[in-house]
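A.B. asks: This is what each chain is made of:
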Amino acid sequence: MSSQQLIGSRISLISKKDIRYEGILYGIDVENSSVTLQDVKSWGTENRVEGPQVPASDEIFGCIVFRGQDIKDLHVHDTPAEAPKPAQPMVAPPPGALGPPPVPAQEQQQRADTGKLEGGGKPAKYQPPHKKPNFKPKGEGGKRGGDSAPPGPSGPHAIPGKTVGTGDHLMARPNRGGGGIAVESEEFDFQAALSQFDKDAERTEIYGVGTAADAAGGLDGGEALALAAAPAPAPKKYNKSSFFDEISCDALDGRHRVPGFTERKLNTETFGATGVNTGNRQDRVLNLVIKEQHLLARYQGRGRGGYRGGYRSYNQRSGSGTQGTST
Amino acid sequence: METPAASTNGDHDGKPPAAEQDGEAGGGDDWKASIKKPPADERYMTEDVTLTKGNEFEDYFLKRELLMGIYEKGFEKPSPIQEEAIPIILQGRNLLARAKNGTGKTGSFIIPVLEKVDTSLDYIQALILVPTRELALQTSSIVKEIGKHTQVQCMVTTGGTTLKDDIMRLYSPVHVLVATPGRVLDLADKGAAKLKKCTTVIMDEADKLLSVEFQPVLEQLLAHCSPQRQICLFSATFPVTVKAFKDKHIENPYEINLMEELTLKGITQYYAFVAERQKVHCLNTLFTKLDVNQSIIFCNSVNRVELLAKKITELGYSCFYIHAKMQQSHRNRVFHEFRNGATRHLVCSDLFTRGIDIQSVNVVINFDFPKNAETYLHRIGRSGRYGHLGLAINLITYDDRHNLFRIEQELGTEIQPIPPVINRDLYCR
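Here the protein sequences line up with chains A and B, keeping their order.
Quick note: the first sequence uses UniProt numbering, first residue 1, plus one each step.
Quick note: the second sequence uses UniProt numbering, first residue 1, plus one each step.
Everything labelled a hint here was simulated from the structure, so no lab data went into it.
A hint or two may mislead.
Unchecked claim - Here are the simulated DSS-like cross-link-like pairs (lysine-lysine), alpha carbons at most 27 Å apart as the crow flies:
hint, chain 1, residue 1, chain 2, residue 2
1, B, K265, A, K236
2, A, K72, B, K164
3, A, K16, B, K164
4, A, K240, B, K116
5, B, K325, A, K265
6, A, K236, B, K164
7, B, K248, A, K17
8, B, K194, A, K237
9, A, K17, B, K73
10, B, K36, B, K73
11, B, K325, A, K16
12, B, K73, A, K240
13, A, K240, B, K243
14, A, K236, B, K116
15, B, K116, B, K197
It should be emphasised that the depicted structure is a prediction, and the values quoted were computed from it without experimental measurement.
Put together the whole structure using the sequences plus the hints.
C.D. replies: Following this line, the structure appears as structure tokens:
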């Protein structure tokens, strides 16, 4: 999609100071690496930061120019808005300024308080497990709209629907490699499925008799002797007498990197698709701005061949590939 | 609930006489009356946290401001690991401590760290290292809560935030620094974080911190700290691979191992046998059968986390998802909101396997069965926090059987076939 096609789309943009602005994309200035939105409303920090929040503002700003470097996140809403009327002449970006003038004072104050990062200040209130306020029978009408309302004690601080990290956010995104699967309406028959798997016999086949099976107390003596043809060595059980353990772990196993094609095949089996298109979409405009900027800076219009470097370096922002670790 | 004041008459071993305590409290227990405790958690608790010697927090002669923070946090009495570890850390000894998931390890190092900090000195005196950003946020927020009546300044620093902001923050006093290793090393290398006088280094989820990718960073970090530093390692799992690090860097450590067995007594583990293509169907049925207060659902890849979160939403349930490839601001928000109960289900990758403490989670579902015992143990330990009850449900395919048997054997536990009816008393009490 070219950047021009996105013009007129409704865009949510989060500034480096975690304030969300929503407006209609008016233009993209490749040379200055900036994005201009029209009819902009500030939604404030919406609980993205801890401590004092910048509230939403009722005022609608005619036209705001955002510099690429000040944009933290950008999301294209799905329904393209009406074609924007070029209501006002575009405001030239004041050097070093970002966003509407009314908020910066509050923002600055908030930034000063960097010691307070967010992170679950209050202990979660325990909800009595007897309540099941959120269970909705499958197929109930209007489920999505209703269900995005938070059931818990969080009340007004809930994530608004369609923000990254909510299931609703993914609903707007097409699957890759297939359309998904239909789920049967009748209950899954757990007992019938379990009867397909003779756990003890399978274990005996792997480990032979008298090892793992005994430890777990499951096997009845000689019943599966015939299967014990090539027993694997039984894994070592944890023993408190040594401080260090020898249970299987990431450090000993190495990383379980599943090859891409294997995972795609598995995902297709489970979900009828290989993935959800997320990555580029939210950052599409931003990517375009940055890509094109790189193009200009480095290759002086030599063509698309120069894209890769800039594009990749930008993408590194979204984290290293390793799971569960961060630096 | 027994109040600390009333229980000073108790006859517990190792406890100083009541008169001494009153002296320590500074002529009266008036301060206790002003403590605003959270409502008591009346849920059932297992021996994993109740089998104590009967110590009281007051037995450790802690600063009154610290005691106030402890009680206001809702801590009533030290858990077994806290009874063992607090005196050792206060003595300044090196420590290797092993205790089950969710039995109070975090409290057992935060309390002595806060006690040891001298707020008249304006430098970093304690460094608390954790392997993930979310865990850093969680830990630092507990330091701030328990230390709120003290003058201790705690700062958290992780990747995924602006380095410049952290450098600016370090111009004002910081006594306790909670961090993920990469960022703090960066700050130390730049001279922004001055660790030369840092005498206490805590490594939470130590085995994860000492994994291949982190260990060189950890060694460089230790070189920045005071040569007289005390090192304390905490985890529920300590693979033999950690031993080499211990031998090289930790002189004469005191060892605490409270794990007679590895798994928590409060967690009931079941498996459902499924074909890969039946997993979503099976999960959908589980949702209708289980009494989920909050659940964490684990998948083995980022793609699968997103696919499943989308599927669950299509089925009409609200859920959040989190994985390491999301932007940090989004990760923070999801974590925060899920903790506040904004949604019932969280789909995640192994990013959330370690340390994350959300008390109201009573069900963990392994949508994808993990590949090793360590991961399995930490995942199911997200429910049954602080000795409470929880349920772990594993979707097992035929290909998972090897891992199933291995994990059962190594952990010395049995994962039972899911019964037609799951007794609510097993996880809702």
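A.B. asks: Checking each numbered hint in turn, tell me which of them this model violates, lowest number first.
C.D. replies: Result: hints 4, 6, 7, 8, 9, 12, 14 break, sorted rising.
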